[in-house]
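2 protein chains.
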Amino acid sequence: MSNDRTASTRGSLFVVSAPSGAGKTTLCRRIIDIFPNLRHSVSFTTRSMRPGEREGVDYFFVDPEVFAQMIAAGSFAEWAEVHGNRYGTAIDTLEQWRNCGHDVLLDIDIQGANQLRKSYGQSEAVFIFILPPDLTELRRRLEGRGTDAPEVIERRISNARGEIQASTDYDYIVINDDFEMALTQLKSIIVAEGCRSSRVLPALATGFDINI
Amino acid sequence: MSNDRTASTRGSLFVVSAPSGAGKTTLCRRIIDIFPNLRHSVSFTTRSMRPGEREGVDYFFVDPEVFAQMIAAGSFAEWAEVHGNRYGTAIDTLEQWRNCGHDVLLDIDIQGANQLRKSYGQSEAVFIFILPPDLTELRRRLEGRGTDAPEVIERRISNARGEIQASTDYDYIVINDDFEMALTQLKSIIVAEGCRSSRVLPALATGFDINI
Chain A
1 MSNDRTASTR GSLFVVSAPS GAGKTTLCRR IIDIFPNLRH SVSFTTRSMR PGEREGVDYF
61 FVDPEVFAQM IAAGSFAEWA EVHGNRYGTA IDTLEQWRNC GHDVLLDIDI QGANQLRKSY
121 GQSEAVFIFI LPPDLTELRR RLEGRGTDAP EVIERRISNA RGEIQASTDY DYIVINDDFE
181 MALTQLKSII VAEGCRSSRV LPALATGFDI NI
Chain B
1 MSNDRTASTR GSLFVVSAPS GAGKTTLCRR IIDIFPNLRH SVSFTTRSMR PGEREGVDYF
61 FVDPEVFAQM IAAGSFAEWA EVHGNRYGTA IDTLEQWRNC GHDVLLDIDI QGANQLRKSY
121 GQSEAVFIFI LPPDLTELRR RLEGRGTDAP EVIERRISNA RGEIQASTDY DYIVINDDFE
181 MALTQLKSII VAEGCRSSRV LPALATGFDI NI
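Chains as they are written, first to last, in UniProt numbering: chain A, 1 to 212; chain B, 1 to 212.
Heads up, a few of these hints could be off.
To be verified - Here are the simulated distance ranges between beta carbons:
hint	chain 1	residue 1	chain 2	residue 2	range
1	B	THR136	A	PRO64	52 to 60 Å
2	A	ARG161	B	GLU65	58 to 66 Å
3	B	GLN122	A	ASP63	42 to 50 Å
4	A	GLU151	B	ASN114	55 to 63 Å
5	A	ASP63	B	ARG117	37 to 45 Å
6	A	GLU95	B	SER123	26 to 34 Å
7	A	PRO202	B	THR136	16 to 24 Å
8	A	ASP178	B	ASN99	24 to 32 Å
9	B	GLN122	A	GLU95	28 to 36 Å
10	A	ASP169	B	PRO51	49 to 57 Å
Stated by the list, open to error - With the Cβ distance kept under 7 Å, some of the chain B side facing chain A (calculated, not the full set):
hint	residue
11	SER48
12	ASP134
13	ILE164
14	TYR170
15	TYR172
16	ILE173
17	VAL174
18	LEU183
19	GLN185
20	SER188
21	ILE189
22	ALA192
23	VAL200
24	GLY207
25	ILE210
Note that these hints are calculated values from the structure, not bench results.
Only a predicted model underlies this, so the values are computations on that prediction, with no experimental measurement involved.
The C-beta atom is built at its ideal place from N, Cα and C for all residues, glycine as well.
All chains, please: the whole structure from these sequences, using the hints.
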C-alpha cells in the first residue's frame, strides 16, 4: 500500500494527539515506515539533547534566545511550553515537505493542534486523536509502565478525561485496543484522505480533457 | 479487517457512482464480501426480471403502477428513469439497515446521488466516485468488452467526460487503474469513515465517564 500522489500535489498535514498511555508514539513510528511519502515533522526544542538523540532527527535543539526570536518572527505553526522547556513546529519545516509533495505527520499535544487548526483549513490538515479503549485500560497501561508514582498516574488519568472531552474537535478517533486494528485504522485514514476529491481531481484534468 | 462499530450506532450510507467501464460493479461486490457490517442496497425497478436475477437480491421487481404509487407516497430516497425503466431506492430499505447498525452501500448514478445528497447530511452519507485512469483506458475497456457498437462507445466516452466533471460533488475519488489498489482505497474510505469522531465519540462516553 502506498500513497501514490504525484509530486506536483502539495502534501497534507496529519496531526496526531493522544493522552499519555494511548500508544501514540509506537503507532506513529509504524505508520512512518509504511508510507514512503509521509515524513515525521521534526520540532524545535529548548531542552537539552538526551543520550541517543540526534540533531535534526529527534529535534532541532536551539538556545532559548533563538527560540524566542523564532516566536517573535512568527516562524512557528505551533509552539508550547512543557515543564519549563519549549517545543515548536516551524512553518518552514512543514511547507518545505508539502511543497515537495510529501505528507507530514505531526505528533503534538492538544494545545499545539488547536493552534494548527487556526492556521490550516480542512483541506490541508487532518486531525486524529488516539485513545485507549477506556479509563480502566489506561490505568492498567500507566501502572504497567512502572515509571510513574501513583499520584502522577492519577493526574494523568484526570488529564486524560479532559483531553478526551477535547477530542470532539478532531476529525477522527482511533481506539488503540488491538494494536494491529488501530494501525489499520490509522493507515486507512491516511489512504482515504489521499482519495479526497479536492486532492485527486486537479491531477486528473489532463487525462480526462476537462476543466476542474 | 472489519467494521467493529456497535449495533447501537446508526449505520452510514456509502454512495458509489462511476462512468460505465470504470469497474464499479466488481469493486462493489468485493467490498460487500470484505465488510460483514456492510449491506448492499436493493433497489426497486419496473424492468423485467432477467434470467439468473432474484427478487429481493438483485432488485425488488414491481409494476409501473406500484412504482408510481411509491413515488406519490414519498417512499423513495432517490429514483430515476433509464431507457424507459424506473429504478429507485426506498427510504425504508436504507433506514431498516441503518437502524440495525449496518452501513449500506448504494450503487447508483449521478442523478440518484444528487437526490440523496439533498436528503442526507455529511455525517450520514459518504459519496465516492470511481474512475478509470484516463479516457484512453476507458475507451480500451469499453472496446475490450466487445458488446457496444462504435457509436455507443463514443456516446459513453462523451457521457463520461460530463460525469467526471460532476465528480467534484463527491467526497472521494477512487482511480481504478490497478484493481487491488482501488480496492484498498475503497476499503480505507469505509474504515476511515467508521473512525470519524462524530461516529466514535458517542459510544465512548460511558467508558471515559464524560459527557459528549
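Status of each hint after checking the structure:
no.	hint	result
1	B:THR136 to A:PRO64: 52 to 60 Å	holds, 59 Å
2	A:ARG161 to B:GLU65: 58 to 66 Å	holds, 59 Å
3	B:GLN122 to A:ASP63: 42 to 50 Å	holds, 47 Å
4	A:GLU151 to B:ASN114: 55 to 63 Å	holds, 58 Å
5	A:ASP63 to B:ARG117: 37 to 45 Å	violated, 54 Å
6	A:GLU95 to B:SER123: 26 to 34 Å	holds, 32 Å
7	A:PRO202 to B:THR136: 16 to 24 Å	holds, 19 Å
8	A:ASP178 to B:ASN99: 24 to 32 Å	holds, 28 Å
9	B:GLN122 to A:GLU95: 28 to 36 Å	holds, 29 Å
10	A:ASP169 to B:PRO51: 49 to 57 Å	holds, 55 Å
11	SER48	violated, 35 Å
12	ASP134	holds, 3 Å
13	ILE164	holds, 5 Å
14	TYR170	holds, 5 Å
15	TYR172	holds, 4 Å
16	ILE173	holds, 4 Å
17	VAL174	holds, 6 Å
18	LEU183	violated, 11 Å
19	GLN185	holds, 5 Å
20	SER188	holds, 4 Å
21	ILE189	holds, 5 Å
22	ALA192	holds, 4 Å
23	VAL200	holds, 4 Å
24	GLY207	holds, 3 Å
25	ILE210	holds, 5 Å
Hints 5, 11 and 18 from the earlier list are contradicted by this structure; the remaining hints agree with it.
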